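Asks: Got chain A sorted already, so can you dock chain B onto it with the hints?
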Amino acid sequence: MLLMSRLASLESRRGWQVFLILLVLTIVLVPVLNLTLPPESPFHVPTYMLSLLGKYLCFALLALSLDLIWGYAGALSLGHGAFFALGGYCMGMYLMRQIGTRGVYGNPDLPDFMVFLNWTELPWYWWGFDQFWFAALMVMAVPALLAYVLGWLAFRSRITGVYFSIITQAMVFALMLAFFRNEMGFGGNNGLTDFKEILGFNIQAQGTRIGLYVASAVVLALGYLISRFIVTSKLGRVLMAIRDAESRVRFLGYSVTNAKLFVFTVSAILAGIAGALYVPQVGIINPSEMSPGNSIEIAVWVAVGGRGTLFGAIIGAFTVNGAKSFFTGAAPEFWLFFLGALFIVCTLFLPQGIVGFAAQMRARIARKATPAPEEVGNAASKHRA
Amino acid sequence: MATFMAAFMIAGLVVCGITLGAFAASTARADAYTDAIAGLASPGFAEKAAAIEALGRLGDSRAIPVLEAMADNQLYTRKADGRLVTGSGGRDITLTDAATGEALGPATSRDLTRINANNAIRTAVGAAVGRLQIGDPDPAKRLAAAETMVRSESPDTVPLLRDALAREQVEDVRAALTLTLAKLSLSSADPGERLTAIKDLSSRLTPEVRALVTPLTLTKPDGTFAEPDPQIRAAATELLGRIDTRLMLTELALNLFQGISLGSVLLLAAIGLAITFGVMGVINMAHGEMIMLGAYTTVVVQQAFREYIPAEFFGLYLIISIPAAFLVAGAVGVAMERGIIRFLYGRPLETLLATWGISLMLQQLVRAIFGAPNKEVSNPGWMTGAVEAMPGMVLTYNRIAIIVFAIMVLAGLAALLRYTPFGLQMRAVTQNRSMASAMGIRTGWVDAMTFGLGSGIAGVAGVALSQVGNVSPNLGQGYIVDSFMVVVFGGVGSLWGVLAGAMTLGIFNKFLEPYAGAMLGKILILVFIILFIQKRPRGLFALKGRAAEA
Numbered sequence: 001m002l003l004m005s006r007l008a009s010l011e012s013r014r015g016w017q018v019f020l021i022l023l024v025l026t027i028v029l030v031p032v033l034n035l036t037l038p039p040e041s042p043f044h045v046p047t048y049m050l051s052l053l054g055k056y057l058c059f060a061l062l063a064l065s066l067d068l069i070w071g072y073a074g075a076l077s078l079g080h081g082a083f084f085a086l087g088g089y090c091m092g093m094y095l096m097r098q099i100g101t102r103g104v105y106g107n108p109d110l111p112d113f114m115v116f117l118n119w120t121e122l123p124w125y126w127w128g129f130d131q132f133w134f135a136a137l138m139v140m141a142v143p144a145l146l147a148y149v150l151g152w153l154a155f156r157s158r159i160t161g162v163y164f165s166i167i168t169q170a171m172v173f174a175l176m177l178a179f180f181r182n183e184m185g186f187g188g189n190n191g192l193t194d195f196k197e198i199l200g201f202n203i204q205a206q207g208t209r210i211g212l213y214v215a216s217a218v219v220l221a222l223g224y225l226i227s228r229f230i231v232t233s234k235l236g237r238v239l240m241a242i243r244d245a246e247s248r249v250r251f252l253g254y255s256v257t258n259a260k261l262f263v264f265t266v267s268a269i270l271a272g273i274a275g276a277l278y279v280p281q282v283g284i285i286n287p288s289e290m291s292p293g294n295s296i297e298i299a300v301w302v303a304v305g306g307r308g309t310l311f312g313a314i315i316g317a318f319t320v321n322g323a324k325s326f327f328t329g330a331a332p333e334f335w336l337f338f339l340g341a342l343f344i345v346c347t348l349f350l351p352q353g354i355v356g357f358a359a360q361m362r363a364r365i366a367r368k369a370t371p372a373p374e375e376v377g378n379a380a381s382k383h384r385a
Numbered sequence: 386m387a388t389f390m391a392a393f394m395i396a397g398l399v400v401c402g403i404t405l406g407a408f409a410a411s412t413a414r415a416d417a418y419t420d421a422i423a424g425l426a427s428p429g430f431a432e433k434a435a436a437i438e439a440l441g442r443l444g445d446s447r448a449i450p451v452l453e454a455m456a457d458n459q460l461y462t463r464k465a466d467g468r469l470v471t472g473s474g475g476r477d478i479t480l481t482d483a484a485t486g487e488a489l490g491p492a493t494s495r496d497l498t499r500i501n502a503n504n505a506i507r508t509a510v511g512a513a514v515g516r517l518q519i520g521d522p523d524p525a526k527r528l529a530a531a532e533t534m535v536r537s538e539s540p541d542t543v544p545l546l547r548d549a550l551a552r553e554q555v556e557d558v559r560a561a562l563t564l565t566l567a568k569l570s571l572s573s574a575d576p577g578e579r580l581t582a583i584k585d586l587s588s589r590l591t592p593e594v595r596a597l598v599t600p601l602t603l604t605k606p607d608g609t610f611a612e613p614d615p616q617i618r619a620a621a622t623e624l625l626g627r628i629d630t631r632l633m634l635t636e637l638a639l640n641l642f643q644g645i646s647l648g649s650v651l652l653l654a655a656i657g658l659a660i661t662f663g664v665m666g667v668i669n670m671a672h673g674e675m676i677m678l679g680a681y682t683t684v685v686v687q688q689a690f691r692e693y694i695p696a697e698f699f700g701l702y703l704i705i706s707i708p709a710a711f712l713v714a715g716a717v718g719v720a721m722e723r724g725i726i727r728f729l730y731g732r733p734l735e736t737l738l739a740t741w742g743i744s745l746m747l748q749q750l751v752r753a754i755f756g757a758p759n760k761e762v763s764n765p766g767w768m769t770g771a772v773e774a775m776p777g778m779v780l781t782y783n784r785i786a787i788i789v790f791a792i793m794v795l796a797g798l799a800a801l802l803r804y805t806p807f808g809l810q811m812r813a814v815t816q817n818r819s820m821a822s823a824m825g826i827r828t829g830w831v832d833a834m835t836f837g838l839g840s841g842i843a844g845v846a847g848v849a850l851s852q853v854g855n856v857s858p859n860l861g862q863g864y865i866v867d868s869f870m871v872v873v874f875g876g877v878g879s880l881w882g883v884l885a886g887a888m889t890l891g892i893f894n895k896f897l898e899p900y901a902g903a904m905l906g907k908i909l910i911l912v913f914i915i916l917f918i919q920k921r922p923r924g925l926f927a928l929k930g931r932a933a934e935a
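From first to last, the protein sequence lines stand for chains A and B.
So the first sequence is numbered by this note's numbering: it starts at 1 and just counts up by one.
So the second sequence is numbered by this note's numbering: it starts at 386 and just counts up by one.
It should be emphasised that the hints constitute simulated quantities derived from the structure, not laboratory data.
Keep in mind the model is a prediction, meaning the values are calculated, not measured.
Calculated pairs, DSBU-like style, for lysine-lysine (alpha carbon to alpha carbon, straight line, at most 35 Å):
#1 B:K920 with A:K234
#2 B:K760 with A:K324
#3 A:K324 with A:K55
Pulled a few chain A residues facing chain B out of the computed Cβ check, cut under 7 Å:
#4 S157
#5 I167
#6 I296
Computed from the model, here is a short list of chain B residues facing chain A with C-beta under 10 Å:
#7 M670
#8 I865
#9 V866
Every residue, glycine too, gets a C-beta built ideally from N, C-alpha and C.
Next comes chain A alone, as it looks inside the complex (with noise of 0.2 Å):
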């Protein structure tokens, strides 16, 4: 009873409205325009769009992992990609595991990489992806380790702001050349491919995909709830207390280091279950996944869309990948352009993003007649992030 009417005050009563109506489309709507409409329907879905909207989900919960971290206790990680790509690896070596024979060499244990090698037994910390749950399991223990222990380095020497920023993307870079070395045992510059099938599902059958792009959606819906549920509970108001002032909570008695690093270690498990439902969908894993840059994209998604309010990082991730894919099939030379403006842009004029610009317009047209006093947010945004 206590756990229902917690849960109910997640959101507010509109609030649960838009989050179910959302749901819903997602879930049903899309799946079922796929299923059933045929392919010269103009409301057709085409399973290409499927795996695209999917792999934005996955995105989305990456970008909302990050925002729980920069957003609400104001440490901008910039190795989030990290997280996601150790996620997708651990699926990825459970997926490579259930090749078995059907690989190019035939070889029942190893996979083709191990035995172009010549290596002849696998290696310890490939034991146990051959089982679903462990591999789940490892798809959270161990971003949510790295994250631990980093975080752990960094916070209890009280690294902060830029600094923080620097050493995780030092930490991003160095795993990424070390996932590039083939000795590691994680196939090196080419990564982990060729997969087959998830849980006995062939891989690349239309039903597996909606199978997985429903999961995607359910789950960056738990993450959104989980997410909701921390920056509303009593943590969440110290975690924003640590954002603003993070020496006066500090001297108010509250262990800054425990909550950012509880706040970490979450935000690195919900990124890493992002790049294990990320994985089966694009069918490919590799080092280019931890490249600096693209830890810093997650950045902007996250200050597109708005930082400091959950939705507002799933609506820039959407909005950011989407940009991108209609860039790079219709003006690829323009990408990079688009997105450095928008870098700017974003910083510039819209410091809360998408979200803050709307409800700064909407607080305009209500108050008309007086010109608007200094809103919440714009007071948040102007304090050092």
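Replies: Just chain B now, with coordinates in the frame of chain A:
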């Protein structure tokens, strides 16, 4: 009287005899030479080889062109009179008499019979020419001779080499002679000679000597030592030990040099960042692109020199590139600061994202103008080449130039900050902005100029980096993480910190590389820095001021 006459006659006879004898000896020598030359035309290979060896022993340098012609299949007998001739040229052969060197005019291959040579003959020719050339006035020829004589099998080669060594002045030739001598003596059956050979080698601690001596200390498959004499074995082992020490020291010195070289590249890349990030506290993610712009300016200046300036001045293009790159990158930097960054002071994370956006756009812009593939930048003549500082330690001029240049840039910047009014204003604004403003310093202008200075120095770094790496639109990306590491490690805002940070990381990297591989070395360094920041969150040389509070 008669006795007197008799005595006179005897004396005359004796004198006559001596003169005659001398004459006879000289003809005999001339004959020996002509005979040996004639022997080259013998039908059997063994006889030819004997003739070649005889020529080598005679020590007459006239034989060298004849022997070389023989090795090149250009020794013939003329069909008309059976004379032995050397010829040069392909179809119309110009003939020279082999024995006398007299020019005999042209002929065609139909008039001649070729004297065949096989590889054994060529080896013998090499050895004989070596013997003949060991006394040549040209050191390069003596060097070649010393090396070819290893193959000589005649027993008097060793004394000949000793003799040559005693007379030799040029160090390189001495080294080659010693080595050849040792090679020959080491295979001698006389233990005393082998021991002398090792003693002779004791001052030459090179890898070649190591390869030469190592077999002496090994065991044969049947368990016995390859070298029966224990004294020689001990001497060889001792020599090997000294060689290994020397080689290790050389490697150490080489690693150190490469480390300093990498460190100076890092230093160049990071100095500009020490200004923009260190002094101003601006996280400039487009810093790498300023380096890239500098490198592309070099490409453009080089192209302009190729097209409009006479070729003999081409080497100067690099000198012109330095101010050009400074101006281009500096101007872009000032534009960035005035247009975007100044609105974001006090919001470092937004600055980070905005400058990242700028970096993406600059990269794409350069890609649109110059194309994605690498641009080629050629080193000017005075930068190509190398100097051998120690045996086995070759230092290329472009690496040395970059080290010197990096130090010069650092020193110039330090002087600018320390001794100019602008430097004073810059330090004032850094330490206390509002007070500086109250004192009448135009803080906005100082900000713009400081940012321009940092960017301009990054552009200058690009000129230097274009000399050691590829110039591509992604050039800057490779340096951005490293530069930040250097600045964070060295201590934000301290030029000496940047120097210390860059050199430490460069040397550390090069020493790790052989053990851990290039990538793992880099990873270890990143991990090391993350741990280091635990202990010294503000870097090696911490600075107080605006940057320290950020």
